[in-house]
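Student: Listed here are the chains, written in short residue letters.
2 protein chains.
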Amino acid sequence: MKRIKLTVAYDGTNYCGWQIQPNGITIEEVLNKRLSHVLKEDIRVIGASRTDSGVHALGNVAVFDTDTSIPPVRIAYAVNQKLPEDIVIVKSEEVPADWHPRYCDCEKTYEYHIWNAEVPDPTRRLTTCFVSYKLNLDKMRQAAAYLIGEHDFASFCNVRTNVENTVRRIYELTIEQNECEWIIRIRGNGFLYNMVRIIVGTLLRVGRGYYTPQKVEEILKAQDRQAAGGTAPPQGLILKEITYHSGS
Amino acid sequence: MKRIKLTVAYDGTNYCGWQIQPNGITIEEVLNKRLSHVLKEDIRVIGASRTDSGVHALGNVAVFDTDTSIPPVRIAYAVNQKLPEDIVIVKSEEVPADWHPRYCDCEKTYEYHIWNAEVPDPTRRLTTCFVSYKLNLDKMRQAAAYLIGEHDFASFCNVRTNVENTVRRIYELTIEQNECEWIIRIRGNGFLYNMVRIIVGTLLRVGRGYYTPQKVEEILKAQDRQAAGGTAPPQGLILKEITYHSGS
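Just so you know, the protein sequences line up as chains A and B, in that order. Going by this note's numbering, the residue at position 22 of the first sequence is 22; the numbering climbs one at a time, nothing skipped. Going by this note's numbering, the residue at position 37 of the second sequence is 37; the numbering climbs one at a time, nothing skipped.
One or more hints might be untrue.
[To be verified] Straight-line alpha carbon distances no greater than 20 angstroms define the calculated EDC-like cross-link-like pairs of lysine to aspartate or glutamate that follow:
{"no.": "1", "chain 1": "A", "residue 1": "K91", "chain 2": "B", "residue 2": "D121"}
{"no.": "2", "chain 1": "B", "residue 1": "K240", "chain 2": "A", "residue 2": "D121"}
{"no.": "3", "chain 1": "A", "residue 1": "K240", "chain 2": "B", "residue 2": "E181"}
{"no.": "4", "chain 1": "B", "residue 1": "K2", "chain 2": "B", "residue 2": "E111"}
{"no.": "5", "chain 1": "A", "residue 1": "K240", "chain 2": "B", "residue 2": "D121"}
{"no.": "6", "chain 1": "B", "residue 1": "K91", "chain 2": "A", "residue 2": "E179"}
{"no.": "7", "chain 1": "B", "residue 1": "K82", "chain 2": "B", "residue 2": "D98"}
{"no.": "8", "chain 1": "A", "residue 1": "K33", "chain 2": "A", "residue 2": "D65"}
{"no.": "9", "chain 1": "B", "residue 1": "K240", "chain 2": "A", "residue 2": "D98"}
{"no.": "10", "chain 1": "A", "residue 1": "K82", "chain 2": "B", "residue 2": "E118"}
{"no.": "11", "chain 1": "A", "residue 1": "K91", "chain 2": "B", "residue 2": "E179"}
{"no.": "12", "chain 1": "A", "residue 1": "K240", "chain 2": "B", "residue 2": "E179"}
{"no.": "13", "chain 1": "A", "residue 1": "K82", "chain 2": "B", "residue 2": "E93"}
{"no.": "14", "chain 1": "B", "residue 1": "K139", "chain 2": "B", "residue 2": "E176"}
{"no.": "15", "chain 1": "B", "residue 1": "K240", "chain 2": "A", "residue 2": "D65"}
{"no.": "16", "chain 1": "B", "residue 1": "K91", "chain 2": "A", "residue 2": "E118"}
{"no.": "17", "chain 1": "A", "residue 1": "K91", "chain 2": "B", "residue 2": "E93"}
{"no.": "18", "chain 1": "B", "residue 1": "K240", "chain 2": "A", "residue 2": "E179"}
{"no.": "19", "chain 1": "B", "residue 1": "K82", "chain 2": "B", "residue 2": "E41"}
{"no.": "20", "chain 1": "B", "residue 1": "K82", "chain 2": "A", "residue 2": "E118"}
{"no.": "21", "chain 1": "B", "residue 1": "K82", "chain 2": "A", "residue 2": "D121"}
{"no.": "22", "chain 1": "A", "residue 1": "K2", "chain 2": "A", "residue 2": "D98"}
{"no.": "23", "chain 1": "B", "residue 1": "K91", "chain 2": "A", "residue 2": "E107"}
[To be verified] Covered by chain A, according to a simulated footprint, are these stretches of chain B (three or more residues, beta-carbon under 8 angstroms):
{"no.": "24", "stretch": "79-89"}
{"no.": "25", "stretch": "108-114"}
Hints are computed from structural coordinates only; laboratory data are not their basis. Think of the CB as a built atom: it goes at the ideal place given N, C-alpha and C, for glycine as much as any other residue.
Given only the sequences and the hints, what does the whole structure look like? Please build it.
Tutor: Here you go:
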């Protein structure tokens with residue numbers, strides 16, 4: 001029995017997120033079916049990050065156990081032949097039998113892409129959030145600075161969750177502008193439900209002038225979801241990478 | 001009666017190209033229907049470039065005549081409310097009554113996007129052509145240089161066309177690499193059927209080492225479609241801009 005770690009990329013447009021659910025097709029479900037088919041075993045993957053409907057990934061991580069004789073690094077190739085075009089296994093590798101994608105010490109990097117122009121670019125509508133109003137980059141960067149470091153992010157957590165500890169650490173939060181495309185990059189040791197999208201929704205209010213940059217400090221202190229901005233739409237979000245410090 | 005020029009952007013994925021045809025829905029058809037609905041007249045647009053199925057545009061151009069009282073610059077806004085998300089009118093403006101998008105002296109700029117990596121990026125699968133083999137940038141640039149200027153491009157024209165004059169002028173042909181994404185940019189005074197995609201297919205053979213850069217000069221001289229490389233797939237192609245020297 002071997003434990004296999006997969007690095008998975010997908011376009012989330014046509015899926016009801018990662019996690020198996022009764023109302024629609026999910027990434028986890030498609031992976032389980034295709035892996036089971038190719039490896040001729042009943043495979044159930046465990047994912048690192050349960051991305052929402054419409055959210056994309058270039059580096060989500062999943063593990064599963066198998067008795068297959070296919071060499072670990074070849075599993076990606078074999079399964080990619082059977083996967084739909086919007087899901088790709090980037091890498092497959094063996095990890096220790098006790099390695100778990102959610103219990104390890106890790107860093108996740110997300111990017112949020114905004115298309116800021118007078119009219120949307122239809123070729124980017126499924127991978128960016130379109131914003132037609134003017135944004136103030138300096139003020140957004142000032143606001144972002146308040147979020148870096150270890151904080152209680154209770155104000156930046158969807159209330160439909162009952163996580164006990166809402167303290168997380170953000171290592172990096174940068175905003176970059178390349179013509180119409182704005183990229184907000186966030187790297188941290190873990191993220192609460194909708195945390196990145198609520199941070200982006202809040203930064204957009206700062207960029208528009210509805211909030212001062214200093215308001216973000218108050219929002220953090222409030223520890224109340226009502227204090228923060230809206231949840232930015234899913235299609236702008238992409239899980240870029242998960243880096244594990246211990247284990248694989 | 002006013003003549004209105006539209007600048008049109010679209011994601012070509014879900015359309016059978018620009019031109020109306022019996023077997024599937026096209027950009028031209030959707031524009032005619034939505035314009036007729038909003039302006040309450042029977043509108044028939046004339047397009048500058050009949051892009052193929054799966055090809056995208058940020059700046060295709062179309063004109064039509066109308067008696068509407070809606071100010072010309074407001075037509076874009078009014079019709080965008082009724083268009084599907086994958087078609088956007090970027091701009092609407094009045095032009096002289098005799099202005100025609102195909103008979104004017106113009107320059108067209110196309111970009112072809114290649115995703116060169118070991119595995120495809122699923123979020124870019126509909127807007128790039130995935131190439132897994134290594135490409136030699138210097139040799140592709142050497143090959144491209146032979147195509148710049150005025151030439152008979154008969155070797156770079158789909159045979160299912162009976163255009164009389166196959167001489168065209170390419171003003172610019174550059175290849176740029178940004179990590180995995182390669183962008184081939186071509187600006188010219190007109191393009192034959194599939195010309196950009198056949199040029200790209202030929203440059204890819206050079207990049208892979210199947211053709212020498214010098215071979216491109218021979219291909220031009222042959223004036224025979226059989227001499228050139230394959231037709232690169234449509235999803236990597238985007239019509240960026242059409243610039244008119246005379247008229248609007």
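Student: Are the hints correct? Go through all of them and say.
Tutor: Hints, one by one, checked against the model:
1. At roughly 13 angstroms between alpha-carbon atoms, A/K91 and B/D121 fall within 20 angstroms of each other, so this suggested pair holds.
2. A threshold of 20 angstroms between alpha carbons decides the hint, and for B/K240 with A/D121 the separation of about 11 angstroms falls inside it, so the pair holds.
3. Using a Cα cut-off of 20 angstroms, the hinted pair A/K240 and B/E181 holds, with the two alpha carbons roughly 16 angstroms apart.
4. Among the hinted pairs, B/K2 with B/E111 is inconsistent with the structure: their alpha-carbon atoms are about 33 angstroms apart, more than 20 angstroms.
5. Using a Cα cut-off of 20 angstroms, the hinted pair A/K240 and B/D121 holds, with the two alpha carbons roughly 11 angstroms apart.
6. A distance of roughly 19 angstroms separates the Cα atoms of B/K91 and A/E179; the hinted pair therefore holds under the 20 angstroms criterion.
7. Taking the CA atoms of B/K82 and B/D98, the gap is about 28 angstroms. The hint is violated against a cut of 20 angstroms.
8. Restraint check: the Cα-Cα separation between A/K33 and A/D65 comes to about 15 angstroms, which is no more than 20 angstroms; the hinted pair holds.
9. A C-alpha spacing of about 52 angstroms is found between B/K240 and A/D98, which places the hinted pair above 20 angstroms, so the restraint is violated.
10. Note on A/K82 and B/E118: the hinted pairing holds, with a Cα-Cα distance of about 17 angstroms set against a maximum of 20 angstroms.
11. For the suggested pair A/K91 and B/E179, the alpha carbons sit about 19 angstroms apart, so the restraint of at most 20 angstroms is met.
12. Between the alpha carbons of A/K240 and B/E179 the distance comes to roughly 15 angstroms, so the proposed pair stays at or under 20 angstroms and holds.
13. Restraint check for A/K82 and B/E93: the C-alpha separation of about 49 angstroms exceeds 20 angstroms, so the hint is violated.
14. Distance hint between B/K139 and B/E176 is fulfilled; the C-alpha atoms sit about 13 angstroms from each other, no more than 20 angstroms.
15. At roughly 48 angstroms between alpha-carbon atoms, B/K240 and A/D65 are farther apart than 20 angstroms, so this suggested pair is violated.
16. Distance check on the hinted pair: B/K91 and A/E118 sit about 10 angstroms apart at the alpha-carbon level, within 20 angstroms; holds.
17. Note on A/K91 and B/E93: the hinted pairing is violated, with a Cα-Cα distance of about 51 angstroms set against a maximum of 20 angstroms.
18. A distance of roughly 15 angstroms separates the Cα atoms of B/K240 and A/E179; the hinted pair therefore holds under the 20 angstroms criterion.
19. Taking the CA atoms of B/K82 and B/E41, the gap is near 15 angstroms; set against the 20 angstroms cutoff, the hint holds.
20. At most 20 angstroms may separate the alpha-carbon atoms for a hinted pair to count; B/K82 and A/E118 meet this at roughly 17 angstroms.
21. Distance restraint check for B/K82 and A/D121: the Cα-Cα separation of roughly 16 angstroms lies within the 20 angstroms cut-off, and the hinted pair is therefore satisfied.
22. This hinted pair checks out: A/K2 and A/D98 have alpha carbons roughly 10 angstroms apart, not beyond 20 angstroms.
23. A hinted pair counts as satisfied when its Cα atoms are at most 20 angstroms apart, and B/K91 with A/E107 does not qualify at roughly 44 angstroms.
24. Look at the stretch 79-89 of chain B against chain A: 6 of its residues bring a Cβ nearer than 8 angstroms to a Cβ of that chain, three or more, so the hint holds.
25. With 0 residues bearing a CB less than 8 angstroms from a CB of chain A, the stretch 108-114 of chain B misses the requirement of three and the coverage assertion fails.
Checked against the numbered hints above, the structure breaks hints 4, 7, 9, 13, 15, 17, 23 and 25 and satisfies the rest.
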